[in-house]
Structures are given as C-alpha cells and as structure tokens.
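J.: Heads up: the protein sequence lines correspond to chains A, B, C, D and E, in order. Those letters in the first sequence? Residues 1 to 324, by this note's numbering. Those letters in the second sequence? Residues 1001 to 1324, by this note's numbering. Those letters in the third sequence? Residues 2001 to 2072, by this note's numbering. Those letters in the fourth sequence? Residues 3001 to 3339, by this note's numbering. Those letters in the fifth sequence? Residues 4001 to 4339, by this note's numbering.
Accuracy of the hints is not assured; some may be wrong.
[Unchecked claim] Label pairs and their computed distance ranges (CB to CB):
(1) VAL3034(D) with GLY49(A): 46 to 52 Å
(2) VAL4130(E) with LYS1221(B): 45 to 51 Å
(3) ASP1165(B) with GLY227(A): 33 to 39 Å
(4) ASP1165(B) with MET303(A): 45 to 51 Å
(5) GLU1251(B) with GLU226(A): 29 to 35 Å
(6) VAL3034(D) with ASP166(A): 49 to 55 Å
(7) TRP178(A) with ASP4321(E): 24 to 30 Å
(8) LYS2033(C) with ASP316(A): 54 to 60 Å
[Stated by the list, open to error] Computed footprint of chain C on chain A, listed as stretches where at least three residues anywhere in the stretch have a Cβ under 8 Å from a Cβ of chain C:
(9) 245-256
(10) 275-289
It is worth saying that the hints were derived from the structure and are not from the lab. We put the CB at the ideal spot given by N, CA and C, even for glycine.
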Amino acid sequence: MAQLTMAKALNAGLRKAMESDPKVLLMGEDIGKLGGVFRITEGLQKDFGEQRVLDTPLSEAGIIGTGVGLSARGFRPVCEIQFDAFVYPAYNQIVTQVAKLHYRTLGHEKIPMVIRIPFGGGIGSPEHHSESPEAMFAHHAGLRVISPATPHDAYWMIQEAIADDDPVVFFEPKRRYWLKGEVDTERSGKDTYRATVLQEGSDVTLVTYGALVSTGLEVVKAAAEEGTSVELIDVRSISPLDVDTLAASVEKTGRLVVAHEAPTFLGLGAEIAARVTERCFYSLEAPVIRVGGYHTPYPPSRMEEAYLPDLDRIMDGIDRALAH
Amino acid sequence: MAQLTMAKALNAGLRKAMESDPKVLLMGEDIGKLGGVFRITEGLQKDFGEQRVLDTPLSEAGIIGTGVGLSARGFRPVCEIQFDAFVYPAYNQIVTQVAKLHYRTLGHEKIPMVIRIPFGGGIGSPEHHSESPEAMFAHHAGLRVISPATPHDAYWMIQEAIADDDPVVFFEPKRRYWLKGEVDTERSGKDTYRATVLQEGSDVTLVTYGALVSTGLEVVKAAAEEGTSVELIDVRSISPLDVDTLAASVEKTGRLVVAHEAPTFLGLGAEIAARVTERCFYSLEAPVIRVGGYHTPYPPSRMEEAYLPDLDRIMDGIDRALAH
Amino acid sequence: PATPAGSPAAESGPVLASPGRPLAKPPVRKLAKDHGVDLARVPATGSRGEVTREDLLAYLDGAGGGGQAGAV
Amino acid sequence: MASPTHVGGGVNVDDLPHVDQPMIQMLTPEGKRVPGGEYERFAEDLDDEMLRLMYRDMTLSRRVDAEGTALQRQGQLGLWVPLLGQEAAQIGLGRATRPQDFIFPSYREHGLALTRGVPPETLLGIFRGVSHSGWDPQAHNLHPYAIVIGAQTLHAVGYAMGVQLDGDIATGDQDRDTATIACFGDGATSQGEVSEALTFAGTYNAPVLFFLQNNQWAISEPTTVQTKAPLHTRGVGFGVPGVRVDGNDVIATYAVARAGLDSIRAGNGPLLLEAYTYRMGAHTTADDPTKYRSDAETENWRAKDPIRRLRRYLLESEMADQEFFDGVDAEADELAAGL
Amino acid sequence: MASPTHVGGGVNVDDLPHVDQPMIQMLTPEGKRVPGGEYERFAEDLDDEMLRLMYRDMTLSRRVDAEGTALQRQGQLGLWVPLLGQEAAQIGLGRATRPQDFIFPSYREHGLALTRGVPPETLLGIFRGVSHSGWDPQAHNLHPYAIVIGAQTLHAVGYAMGVQLDGDIATGDQDRDTATIACFGDGATSQGEVSEALTFAGTYNAPVLFFLQNNQWAISEPTTVQTKAPLHTRGVGFGVPGVRVDGNDVIATYAVARAGLDSIRAGNGPLLLEAYTYRMGAHTTADDPTKYRSDAETENWRAKDPIRRLRRYLLESEMADQEFFDGVDAEADELAAGL
Ligand SMILES: Cc1ncc(C[n+]2csc(CCOP(=O)(O)OP(=O)(O)O)c2C)c(N)n1
Ligand SMILES: Cc1ncc(C[n+]2csc(CCOP(=O)(O)OP(=O)(O)O)c2C)c(N)n1
Ligand SMILES: [Mg+2]
Ligand SMILES: [Mg+2]
Ligand SMILES: [Mg+2]
C-alpha cells in the first residue's frame, strides 16, 4: 500500500510493465529527457535507455503508424499523445489501421498498442488542450477505450492495457494527475473492463468516469446531506461498456444520471441512456438525465468553469431525475 | 419537374451553385477530367474551367486545409472526399480548424465550406469504401452534418449547403446515386435543417436517413400489409437534429425505431434514443429500438448483406417495439 | 409471479408485483402518478412482471367505482 | 523541369547533380543489355536460370492479372486492380529481397505477393469480397494489402525500427540482417503520412527501402498533379537519398534494389527507390482511362513493355528457347484455370 | 552532415551545391555590417529610420514578452509563450511584408503580430484565457494563432491559391500583388500537414513563403530529432526551393524575406525561408529547459542576441544615440505598464 498521485501511479505502472516485458517501448513527444509535459514518464528513459523510451519527431500519425509496424515486429508500443486534441492527426492510423488490423488479418496480426491520452479540461489551458474525444474512438470496433479515475486504477489499468493483446486507448484525466490516493501494488482487485460501484445508494444512480469521478464522490456527500441516496458508478471501460453493472443498479434505483465532460450530443451518455433504457425500461422512474459538455467548442479557459459539469450541475441533474 | 438520378441531381445542383456564385470552387481527387469516381462532377471542369474545378494532389488533409485558406480569401470551396473512410486523414483539419475557426475568431471568419462524402455500404466495395462516419462529425460543434435521401433533396440540399456560411459535411448515400426520382427545380419546399415526415402513421415511428430511407419506404408498405401503420421520418439533418419533429411523432405513436448503417454503439440512434426518451418519456410505450451496424469492422463485401440493416431487420425492430 | 389480487381499498398489506420496485412502462407510471396510486399496490400481470395499463385501470376501477379516484 | 527562379543561392531541386541523369537502365526496350555502371555487379547473380525465373514470374503475374480482370467481368469479383505493366518493377524487387526481409505492400502488388508465396486465389479472395486479406503476414513476411493510401509506409518504418532495435542489421549474417520495404505509388507521395514515414526513417536511420512505383497515374491524375519535382528527389530534404530506375527493366530493378537492400541491411539507413513504370491498364476494373489519357501515350509505353523486352533478350542471347516460353505459358494457363 | 552511403549515383542532400554554405548574414553578432551578395540590394530600403524602427519593434516585442512572463508568474495569465531570441526573425519578416500580404502565424508570433498592428493586450487575451484569438483576421491580414502544429501551413497555401485565382500576382502593381506567409517551427516540419502544404504549393505554384523559424528546439526536442537533413532543404523534393538566413540578423532576414516576397508576388512560386535562430527562453512558462539543455548552449546563443547586435551597429555607425535608446525603452515600459 502506498499513497501516490495518479501521475506517480502511472509512472510506477509503466515502470512495472517495462520491467516485466522487454518488448514494451514508450514513444512520444518529449517523453524522454523531459519525462513528458506532465512528467508521467519521468526517469524512465534514464533507467531503460533511449531504445526503450523514444523521443519521436513531432508527428502523431508517425508515432501511431510506426507503432503499428513495431507491433508487427513483436513490440508492445505505449504511445503518448501530448494532449487530447493532438490525437486527431493520428486519427486515420488509429481507426483505419490500429483498430482494424486484427480483423483484417483474420486474427493473425495483433496490435498490442496502448495509446495514452491526457484528456479533459479544468487546468486553465489554451485551446485544444482540454478536450474529451473518447466517443470518437469508442464508436469504432477494434479499440478498447478505458479511463482510470484513481491512482490505484491508474497503476493497474495501465499495466493491464499494456498486457492486453488488443489496442487500448487509455484516457488519463489530466486534472487528476495530482490527486493522491491509496495504491495497493499487490493486487488490483478489479477487472479493467468492468465498471465499479464506488458507493451504494438507493434513490438514483450516478454514472461517470475520468475526472468527474472525484466530483461524483462529492455529489454523493452533498446529496446525502439533502437526504438523497446516490449510487455512484465509475464505468472505467468506455468500450466495451459494462452494461450489466449499470443495468443492475438502475433496476434498483429506478433513476440514472450520466455525467461526462465531453459534449452530451453523441457522447457516451447517449449510448448509456439508450442502452440502459432498453434494458431497464420498466424500472425507470425518470428518463436518463445527461450532464455534459455543451454543443459548443471548448471555451477559453476563463469560461471553462461554466462549461464543465461540476457538483452543482450534477446535483441539478439528480434533481431533474428525482422530479419525476 | 424532372426525373433524375441522385447523381445527376447533385451534378445539376452543383452546376446551379457554380453558376450563381463565381466564388464557388470544386476541389478533390479525380473530379476534373474524370468527373469523379461516381461522376458527380461530370462535365463541370469542361464548362467552368480548371480554375473552378481543381483536381488536387492525393491528400485529404491538403484538400480541406487549403479549402480553409481559400475560404479565408473569400471562396466557397466544395471539397469531395472520394470515399467515406478516406476522410480520416482530413479529420484533424475538419474538427480542429473547419469546425472551430468561426468561434475562434469571434465570428470574424466564416468557413463556407462543403465537404461532400459518399458514404455507406451495399455496393460490393473493398475495405474502407463502405463506412458511415457521420457521428464522428456530428459530435463536434461547429459543423452541420446533413444527408439527402432523394434526388429532389440532393438537388436542393447541396445548393443550400453551399449557400450556407457555415461548414457543412454533406453525406451522400452512394448506393442511391442511381436512384431516380422527381426533382422540382423550381422550389425546394423544405428546410434543409429539418426532418421530414415522409409517411404518416399511427403505430410506430421509424426514423432514418441516407440510403435507408428507401428501405424505410418499403418497410412502410410491408408493415401496412401486416396491419401496422408506420410513420416514416427522414431526419435529413444529423446536426443540428430536428428533435421537435421526432418528438411530435413519438408523442403520437408512442413507439420509435431508429435505423442507420453506422454502428449503433455511439451512432446517431443513441442520441435520438436519449433525446426523444427525455422529451417523450411518458409517451413511450416501448424503449427506443435501434437497428444499425454491429460493433465490428465493416465486413468484406460478400458479408455486407448480413451486416447492413435491411427490410427484415427493420421489420424485426418494429416488432420488438410493438411487443411492449 | 402471480400474486393474489389485493383490494385497492386495502391500504395496508401491499402486494409487490416483484421482489424489487414495481415495474411499469413510463406512461403507466404517469397514469398511476396522476391518480395518486402507488404502483407497488397494483397486481401486475405483464409478461415481464410489470404493471400493465390494464392492471392499473382495473385497479382504479376497483378503487374508485366511478373512476374519479385519482382525477387531479 | 523549369523551376521557379528566386533570388540568391538557395537550394533547388535543379541543382541536384544527378537529378536529370536518365534513370538507370540495363535492358533497353528493344531487349538489348547495356552496362549498369556501379550497379552492374549487383546483377551478377542474374544467371540464365534466374533470368528465366524472373521471366516466368512476370508472365504468371500478368496471367493472374488478366484472369482477375476476366473474373471481374464475369461478376465473380467485385473489383480487380490490374498490375499490367508493372511486372518488372515488382518481380525485380521481389527477387532482390531475402526471405527475412519484410514487405508492406499497397493494393496492386500481385507480382510481389507471388514472389512471397501468397497463392493467387488468396489474393483474389480480397476482390471476391470474402476477406480483407487472407494470409498470415508473418508466414510470408508480407503485410496485408493497404488501401488507405500511404498508411503502410509508416508501418514499414516502424517495423524497420524494430528490426534495428532487435539488432538485426549490420551483423554481416546474410540470413539475419533484415531490410523492410515500403511500397507506394506516385499518388501516395502527396499523403502526409508518407512524408512522416520519411521523417521517421531519417531520424532513426531506419533500415527501410521506400519502393515507389511511379506508374505515371493516380487514377485519372498524372504525376504532375502530385509534384513538380521528380519523385526520386522527394526524400532528399528528409535525409533519405533517392535513386530512379527503369521500372520496366527487370534487370536494372533487380540490381538497383539489390544494391539498396544490401546497403540497408548493412546499416546504411533508408533509401528511396523510384521505379519509373507505367500503369498500362485501367486503375481498376471500375475505371475508364479513355476519359483522361491518350491512346498515343499508352501506345508509347506499350513499346516499353517489361516482359517483351526480357523475352527478346532471352531469345537473342539464347538463354531460353521456344520450348521454355511455351512451358511458361502452359504453367500460366494452368494457374489461371485454377482461379 | 555525414549522410548514409548507398551505392550509385542517386540524389542526396549532401550533393546540393548550396547545402553547406553558411547561412546568409549581413550583420555579425558583433554588430558589424557585412555584404549580403545578391541580397544586398534588398536591404537598400533600410535607411537609418527603418533600422531604428526595427530596433524599436524588436525592443517592444521583447518587453511585451517579458511582461507576458511576469504576468503569468503573477497568475494573471494561464500561460505565456515567450518569443525571446526570435525578435529579429519576426521583425525582419514583418517589416519586409507589404500591407496586402497575409500572414498565417503559429502561436509564438508576437513580434509579427506587432508589425501587423495587433494590440499586445489582445494577444495577451489568448493567454489570459478570455478568447482563443481576439482580432479580425481581415483587418490585420493576420490569421489567428494556430496551436495544432502545422495546420496553418495548409491554410496559407490555400489562401495563396486564392490570391492566384483572383489574379493578384504578377500584375506589377505594388499595391495589388500579394504574398502569403506560412509561419511554422522546426518541430512542425515533422507534421504531415506541413509536407502536404509543400505539395500543394508546388503543384499550384502558389505564391506563398514558408517561413520556418528554426529555433533549434521543439519543447525538449532538439532539431536533430526531427530531421537529419538541414531544414532549408525540406522543400527541394517538392519543388519548393529553400534559403537559410541568420534569423538573429534582422538586416539579413529583412533582405532575404524581401527578395523572396518580391519574387513570390511576381509569380515565381513558393519559397521556403529558414530563419536560423534560437529559443532563448523556455518553451512556455510551464516548461523547464534546464531538464534538457545545457547552460553552455544557451550562453553561446546569448552572444548572438539579435537586439544587441543591432544596437551596437546603430551606435557604432551613429545612426542612433543614447537618447534614442532611452526613448525606445521608455516607450516599451509604457507599453508594458498598460498590460
Ligand atoms: C486516403 C485515400 N484517399 C483516396 C483513396 C482512393 N484511391 C485509391 S487508389 C488512388 C490512386 C492512388 O495512386 P497511386 O498512389 O499512384 O497508386 P496506383 O493506383 O497508381 O498504384 C486513390 C485516389 C484511397 N484509397 N485512400
Ligand atoms: C499536433 C500537435 N501536437 C503536439 C502539440 C504540442 N506542442 C506544442 S508546441 C510543440 C513544439 C513545437 O515546436 P516547433 O514547431 O519547433 O515550434 P516552437 O515551439 O519552437 O516555436 C508541441 C509538441 C501541438 N500543439 N500540436
Ligand atoms: Mg500511380
Ligand atoms: Mg495527416
Ligand atoms: Mg522550434
């Protein structure tokens, strides 16, 4: 057991993975000497050498595309995308190649790649540094899309992602990099591709992931003070989506609020709402309420507080669910 | 009034737009002498010259990126992407630049670009030629995403898209290019950004767009034979989404089936299901049923019939809605 | 789960249609709400164990005689 | 090529000393063997048997190709992508590789696939629509066909980086040192990813051969739409040197590819090889080239046919006789009949 | 640069005649004016007044920059992106443009923005987080800052294509003929979109200047991570000639930019201008360069400071006196005080 920030937990998880498999390589912009702009890879080039921690040219398509070739050669590349919106130059490689090669080759070729993407807002950054593009990847079959919300999960999920023979897009909630928490380095206790119920409750289910899980914990407390019992679930895996865990909860509570930073329009909340409504139609006391980003570009940082779902907006979502 | 195929209707619409505004330019791969691989731009380079119909280098990012600059210079570029999946190399330009410049410049710079994309399957093509990536664009604010389903709509919607000062991603249902229909070249009679009720009905609402609208018309007939009255709606505009028209229908019928070729997982059906359920919760006799592509890569063409939603699968969806 | 039909008048001794919360589709829930009926007290005959519209109407018939029981 | 004239002593493609040298050729269109200069010694392995093998490979490739077109016409294939005219480029390269070399093809590499032992019926499966690819890439050291233009060039560079990390270059062990080949077309050079592949190859000094089949056309667009500079110069500004070979000359293609691959395996870094050739047929069976190019052009190139010139050479030098040619034709017919 | 050695007479960056010529310089680090050869006549306009103006521009830019850093430290800005060290590159180019020219900047172009009349407080708004950009691009002929590396280079080429379609080149009318400028950094050269911009520029012979500020670093990565070939050669294989200038020399940058822009406006097509300079400060206020580069290197470049050398030259040639310098400093202080 150790108290670690999520950043340090990721670093420790990467180190562990590199120690246990010499085929694991890290690739990315500024991840070597600098240790990455968020220092997630700090010290790793020093300890594992320039052959295992590669500072790459400034080209996301290049990072992912050469990662595909390295995979074909038997390596397990862990590619860092510096900020969320900078994944788009690599979108073609990810959705037409990384996602599809296993299927294309009738299972002969595996792409055990991990694409690490710090995502989301709330740190006062300029444009393109605060986006939540997870739905754009989850829509494509062939990619696993996951996101840890705690240091413990970060430590374990990054290792499981690297060990997975399928490509994993790994979204790191960047404004929680400095969040501290207990990390049990002995055992994970969880399945990476399943949701976890973080808090049991009876009146309404709150489903979220990434940075908003911390906010969700505050919501649980604030709601309890108002006499509302909230069941909080961290989906952890965006694709595949653990609908069973969500449905079981909603059958119990009868109400569901989904919160994420990505725009609600075609965001994961839409899929969860559609799926859970189909599964739990007769249990729902209220329509699924979505709390998310607006259908606008991500605003300048002085306005991001008004854009990002926060305790108040989620509480409001809960009220709307309870109003039925 | 004229009987035209959708391909000819698009060609006529483009011609009309070019005649009425000298700033309209066409750009794309093989659109000049060849007239495009689907011949949508046939004859236009001959009539308007190489300065208005540009055969471009083989680079989708280049087409869209230079289109942005041409827009800044006052042109209205109509960019052709040869096939659906080949839009991905341009994804970065589309979502970080085309979609955002108007907002970024506080409204000073408009990007009156149209991005034409033949989309969807059913024509026996190799990999990457049959995809339906519309949700990937609709998730981003700043883009209008529309799709005509008939020659008449094709003729008018392409002109309205070009006249629009905002960027429009224009999805053309390629397997309906050869579909013939009446085109009233005098008046459109429709608002491009609104859904149309193509067939009134009372038992269940069927919502779709693109190639499946034709299938929907068959469904209406087949269902009528079974005694089921289907209200058929073509959404036409994927973003913005005309929820009012959908909700009004569902309030009447109490049941909704949404069909599209794109995978259901995070496809437009998810958004429609979530939104309509929120709006019409107490009118719904059944959960919204989605009929769409599976969460697999698009299969080799010999298997596409099993992949694509067809009359049977939509009828089955209707049965599932009626079973409640 | 067939349950003995409880009299709607019998305010005590509710009979649950299923072990958990009562099942019903949203419009039936609405109807129950509009009539001030606790769905948990309505015997459910739906194939999924849900209270159907007919179940509720029958319950209301039994309750109000004239059907004005829940009129708001 | 007339280049833009700007003031001053900058760098300009026209200033490259070798830019206007004719492409390397060792077998003229008339079937005359001409000396290949520095490359001559790389043709040493090309004894009678090897030349006959390459003749056979080219002929079988062309026959499979014709059958593909025929089967498409009969409705058995959804589409066919002819390699007609590019046989020498592909067989020359294919036979210059060593078994451990790994090839990342585009979608027209039927000749190369043949040299890698992929059964033609497997290839046809892609166009029949029964699979997106049909072979185990590791079993043939041939990646699946790539349809998204240019994407595979990055894969090739990554694979080559892996080879380097594995220490499988410059050991001097002929069976270990490994080259990777990235196949792409003239049209593909405009895709950003191809430039990114050159960038990564330059930075990591990756043991990769960029094998560019410049067949003069990208569907309906001539190479001049893609670039004003000759394509063998494309890598220069990335630190990737370039060579242009007559891609309709199987001897020169073999020799120059052999030289490049040997050098790459020895650790000398990436190289771009432009095989100057011609797409004699349609882009695909769905295409109609009469819409955009002249008969005269096609006729002109027909005179440079890669198979005919080798046949002449073999005949005139008496390395092969009619019986041999008949045998190859029979083999080709049999192969085609089984498709 | 030692380049890979492959067999044969291919094209190689080392074979470019001008590749190893020292970059063009007209003012030494010591402030000595040296002749600029063919470019000398493009410095003709640089009379005392113009040189003083450029000194002032550079000084104001540096002062605004320092203020940006200070305001970030005080928590008033979320981030600041210093231009420290790149003043000559930006002012030299900015003052060489004509009003109708249109510039597509990256995100560090504060000096250029100054020459385009964008108020510093508007610039600061971006980093304050109150807007993504604050000015009307058409009013200043300056596009918004671009953060997605390289994306703006394609916009510039498209704009230039539009200029060409409008017939606004090669008319001989000084107030009409228009050049477009694409600004980008050494790191950006690795982005596919930048190569695609070179492709389109070459194909359409677009009237665009690729203005590459090679400040030796892309965050923590030295230029050697991006390329093994000198960056002024990047366009060669696309048909875009290149020139390298001492980007810390405002006179040479002005003259070479002027020559290039005049030529581009006259219809001679695209040109790549590499301004060889140095990012003297951190990448942004969030960065810590001590992690990845040596003090010695920074010291070495400090000796090449662009402002100091012009100051020396102005003083020694008696084009400016202490009073002038004091005046500029006062103006700079006033400007900064208003931020
Ligand atoms: C990204 C992308 N854009 C467009 C296409 C459609 N397309 C298929 S082949 C082709 C031309 C390719 O030309 P070239 O690279 O010269 O290869 P060739 O066909 O001549 O062998 C085009 C435009 C594609 N496959 N991928
Ligand atoms: C597509 C993309 N990837 C990554 C980044 C993050 N990033 C911002 S600046 C920078 C380095 C740019 O270096 P260079 O082009 O040399 O410009 P300089 O900062 O030196 O002016 C990086 C990697 C980005 N902005 N966009
Ligand atoms: Mg070609
Ligand atoms: Mg790209
Ligand atoms: Mg730099």
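J.: Against each hint, give a clear statement of whether it holds in the structure.
T.: Results of checking the hints against the structure:
Between VAL3034(D) and GLY49(A) the CB atoms are about 50 Å apart, so this pair conforms to the stated range of 46 to 52 Å. Under the hint 45 to 51 Å, the C-beta atoms of VAL4130(E) and LYS1221(B), about 58 Å apart, miss the expected range. Separated by about 51 Å at the C-beta atoms, ASP1165(B) and GLY227(A) break the suggested range of 33 to 39 Å. For the pair ASP1165(B) and MET303(A), the supplied restraint of 45 to 51 Å is violated, since their beta-carbon distance comes to about 24 Å.
GLU1251(B) and GLU226(A) have their C-beta atoms about 33 Å apart, which keeps the hinted 29 to 35 Å range intact. Between VAL3034(D) and ASP166(A) the C-beta distance comes to about 53 Å, which sits within the given range of 49 to 55 Å. A hinted range of 24 to 30 Å for the beta carbons of TRP178(A) and ASP4321(E) is inconsistent with their spacing of about 53 Å. For the pair LYS2033(C) and ASP316(A), the supplied restraint of 54 to 60 Å is violated, since their beta-carbon distance comes to about 22 Å.
Requiring three or more residues with a Cβ within less than 8 Å of a Cβ of chain C, the coverage given for the region 245-256 of chain A holds, as 3 such residues are present. Using a Cβ-Cβ cut-off of 8 Å, 6 residues of the region 275-289 of chain A lie near chain C, which meets the minimum of three, so the contact claim holds.
The structure is inconsistent with the numbered hints 2, 3, 4, 7, 8, although it conforms to all the rest.
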